[in-house]
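Asks: Below are the chains, spelled out letter by letter.
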Amino acid sequence: MAEATEKYQQTGPKVRVNQKEELVYTWPYLVSIEAIMAIAMILALSLMATFVNAPLLELANPEKTPNPAKAPWYFLGLQELLLHMHPALAGVIVPTAALILLAMIPYIDRDPRGTGIWFSTRKGLPITIFSAVYTWIWEIVLILIDEFWVTTPAGTDTVLKGIEPHITYFLDKTFPFMTQPGWPGWSWVGKILLPAALMVTIPWVLAVIVKRRWKANTRELMIALFTFYFASFILLTIVGTAFRGHSMQLMWPWEVTAPH
Amino acid sequence: MGLWAKFKNTTLYKSIYRNEYPDTPRNQVLVILNSLVLHLHPVKVPRRAVRVSYTWGLGGLSLLMFLILTVTGVWLMFYYVPAVPDAYLSMRALETDVIFGQFTRNLHRWAAHGMVLAVWLHMVRVFYTGAYKPPRDFNWVIGVILFTVTVLLSFTGYLLPWDQLAYWAIAVGSEMAGSTPVIGREARMALLGGHTIGQATLVRWYTLHVLLLPLACIALMAMHFWRVRKDGGISTPIPYEEDEAEARAEG
Ligand code: HEM
Chain V
0 MAEATEKYQQ TGPKVRVNQK EELVYTWPYL VSIEAIMAIA MILALSLMAT
50 FVNAPLLELA NPEKTPNPAK APWYFLGLQE LLLHMHPALA GVIVPTAALI
100 LLAMIPYIDR DPRGTGIWFS TRKGLPITIF SAVYTWIWEI VLILIDEFWV
150 TTPAGTDTVL KGIEPHITYF LDKTFPFMTQ PGWPGWSWVG KILLPAALMV
200 TIPWVLAVIV KRRWKANTRE LMIALFTFYF ASFILLTIVG TAFRGHSMQL
250 MWPWEVTAPH
Chain G
0 MGLWAKFKNT TLYKSIYRNE YPDTPRNQVL VILNSLVLHL HPVKVPRRAV
50 RVSYTWGLGG LSLLMFLILT VTGVWLMFYY VPAVPDAYLS MRALETDVIF
100 GQFTRNLHRW AAHGMVLAVW LHMVRVFYTG AYKPPRDFNW VIGVILFTVT
150 VLLSFTGYLL PWDQLAYWAI AVGSEMAGST PVIGREARMA LLGGHTIGQA
200 TLVRWYTLHV LLLPLACIAL MAMHFWRVRK DGGISTPIPY EEDEAEARAE
250 G
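Heads up: the protein sequence lines correspond to chains V and G, in order. So for the first sequence, numbering that gives the first Met the number 0 puts the first residue at 0; every next one is plus one. So for the second sequence, numbering that gives the first Met the number 0 puts the first residue at 0; every next one is plus one.
The set of hints was computed from the structure by calculation and includes no laboratory data. A portion of the hints provided could be inaccurate.
Said to hold, decoys possible - Derived, one-sided and incomplete: chain V residues facing chain G with beta-carbon distance under 7 Å:
| hint | residue |
| --- | --- |
| 1 | L29 |
| 2 | M36 |
| 3 | L44 |
| 4 | N52 |
| 5 | L55 |
| 6 | A59 |
| 7 | A68 |
| 8 | L100 |
| 9 | L101 |
| 10 | A102 |
| 11 | S119 |
| 12 | F169 |
Said to hold, decoys possible - Label pairs and their calculated CB-CB ranges:
| hint | chain 1 | residue 1 | chain 2 | residue 2 | range |
| --- | --- | --- | --- | --- | --- |
| 13 | V | F50 | G | G1 | 39 to 47 Å |
| 14 | V | S45 | G | V181 | 43 to 51 Å |
| 15 | V | F174 | G | M76 | 58 to 66 Å |
| 16 | G | A4 | V | A97 | 57 to 65 Å |
| 17 | V | A97 | G | I217 | 22 to 30 Å |
| 18 | G | I217 | V | Q248 | 40 to 48 Å |
| 19 | G | V123 | V | L197 | 20 to 28 Å |
| 20 | V | F50 | G | R50 | 48 to 56 Å |
| 21 | V | A241 | G | M76 | 29 to 37 Å |
Where is the CB? At the ideal position from N, CA and C, for every residue including glycine.
Generate coordinates for the entire structure from the input sequences, incorporating the hints supplied.
Replies: Below is the structure:
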């Protein structure tokens, strides 16, 4: 057995553990698992394809905008962000930054210890759960404020809905010179500055908490930050898919009707 | 001698299969070495690496979805016409006039969603098991690119039926791309092949969807699988000393 290892694993790292790695034949130990999974998957997909038809609506019509118009599900998290910030931030900068940061993970966390173990350490799972709950609370609260903070300033008939209009209204009143022609106005504070600051600060604070509370090492910090990304993706995708209906208003899933 | 046993004695059979059925150690080695598909694997694997609860088979399922999509996609290409409005008409015809047309279209659709999901979950499993750590660091980067290509494959395919759903999903998506700082207008132009979503967009996305992106995906998967082997096979546990000591103390 030892001979087989050396012969077929000439390159790559030797697994360094106190017990010797037990090897099994690929045929049948791995091939059988692969075959069973493949057959089960093909069966499940065939069943689904038999009973659930792929949608085909009427011919594309550029004149007729459906309400709501939604991207495919894996982009609905980004479309949800779009409701709360500048489109360049939500549609381009955030996804680009997310991909680059994801790719950087192994270059920040270079300690091979913790490989091959779910959550790596005893603290890994508690940190994951904490980070997910922390992220969800922040995001749910922010989404709710942005949806239900509606006021009409006294003496006007302007309706301010959400965080950004309130900030812009307040700053316009306080520093009126910015609203003159040639000035950029104040909407960038609520559309760019605040969301960008939140998207940096929320994971930052998470990292600080995890460091203090759990004395986290680099791997555990990565777990906290990745969980922030992972939990955000799930929450925003669910909200964008199931809780956004007509005019992208927040509503219960059973109130969300098909686009018309 | 049965017919099958006779057949197994022919030169033809022996020219295809070089070894007997793999039920002896020797043939269990040979079957892996002799088969193009199986030789992607090592002859032996660590017992701990083949636990379903470790990988959930998600990388393999991603590959399976890709293969299903290739087969059903070629079939769809037989009938699909990338033009406005013929694209939509060919989808309608596929559903009503072509035997198994609806089934194949459904399979392509659900496998496409399934692939995005499987690839994403595979990434999640690789992360939480710490399998991205050196020496697998660069394979993780290849993985992030594979993830991007997978999403682009799905997104370019979304436009092709040319129905209201397709058109407006792409309208939303390209609107986002149009807001890129500095090069927004150019990015949108490049994506749409014009100022609006039209025939040029369809041809462009069709070409990306059936040719460029699948080729990119195949090339990247080849690198990905090659590196899984070169990085020492599927990862196996490397504990921290403290945890190891605790585990030993607990017996
Ligand atoms: C088309 C997409 C992909 C395919 C077909 C694919 C396929 C595979 C397969 C078959 C394996 C063997 C182990 C397993 O099944 O878990 C694997 C391992 C691996 N994949 Fe992927 N993968 C894809 C995307 C990704 C992505 C998006 C990432 C990460 C961002 C990634 C990172 C890795 C790493 C680091 C390993 C080594 C894991 C280990 O040794 O435990 N892959 N991949």
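Asks: A separate judgement is required for each hint: does it hold in the structure or not?
Replies: Status of the hints after comparison with the structure:
Annotation: V:L29 was flagged as interfacial toward chain G, and the flag holds, the nearest CB pair being 5 Å apart, inside 7 Å. For the restraint placing V:M36 at the interface with chain G, the shortest Cβ-Cβ distance is roughly 5 Å, inside the 7 Å limit, so the hint holds. At about 6 Å, the closest approach between the beta carbon of V:L44 and any beta carbon in chain G falls short of 7 Å, and the interface hint on this residue holds. Annotation: interface hint on V:N52 holds; nearest CB of chain G at approximately 6 Å, less than 7 Å.
Given the 7 Å rule on beta carbons, the hint for V:L55 holds: about 5 Å separates it from the nearest Cβ of chain G. The beta carbon of V:A59 comes within 4 Å of a beta carbon in chain G, closer than 7 Å, and the hint placing it at the interface holds. Taken as an interface hint, V:A68 checks out: its beta carbon lies about 4 Å from the nearest beta carbon of chain G, inside 7 Å. Proximity of V:L100 to chain G is violated relative to the hint, the smallest CB-CB distance being about 10 Å (cut-off 7 Å).
The interface hint given for V:L101 holds, since its Cβ lies 5 Å from the closest Cβ of chain G, which is under the 7 Å cut-off. With its C-beta approaching chain G no nearer than about 4 Å, V:A102 sits inside the 7 Å limit, and its interface hint holds. Taking 7 Å as the C-beta contact cut-off toward chain G, the hint placing V:S119 at the interface holds, the least distance being around 5 Å. The interface hint given for V:F169 is violated, since its Cβ lies 25 Å from the closest Cβ of chain G, which is over the 7 Å cut-off.
A hinted range of 39 to 47 Å for the beta carbons of V:F50 and G:G1 is consistent with their spacing of about 41 Å. At roughly 47 Å, the beta carbons of V:S45 and G:V181 sit within the given window of 43 to 51 Å. V:F174 and G:M76 have their C-beta atoms about 60 Å apart, which keeps the hinted 58 to 66 Å range intact. With their beta carbons about 59 Å apart, G:A4 and V:A97 fall inside the hinted range of 57 to 65 Å.
Remark: the range hint 22 to 30 Å for V:A97 to G:I217 is upheld by a beta-carbon distance near 25 Å. Roughly 43 Å separates the CB atoms of G:I217 and V:Q248, a value that falls within the hinted 40 to 48 Å. Taking the beta carbon of each, G:V123 and V:L197 are about 24 Å apart, inside 20 to 28 Å as hinted. A C-beta distance of roughly 33 Å is found between V:F50 and G:R50, which places it outside the suggested range of 48 to 56 Å.
The supplied range of 29 to 37 Å is met by V:A241 and G:M76, whose beta-carbon atoms lie about 34 Å from each other.
Violation of the numbered hints given earlier is confined to hints 8, 12, 20; the remaining hints are satisfied by the structure.
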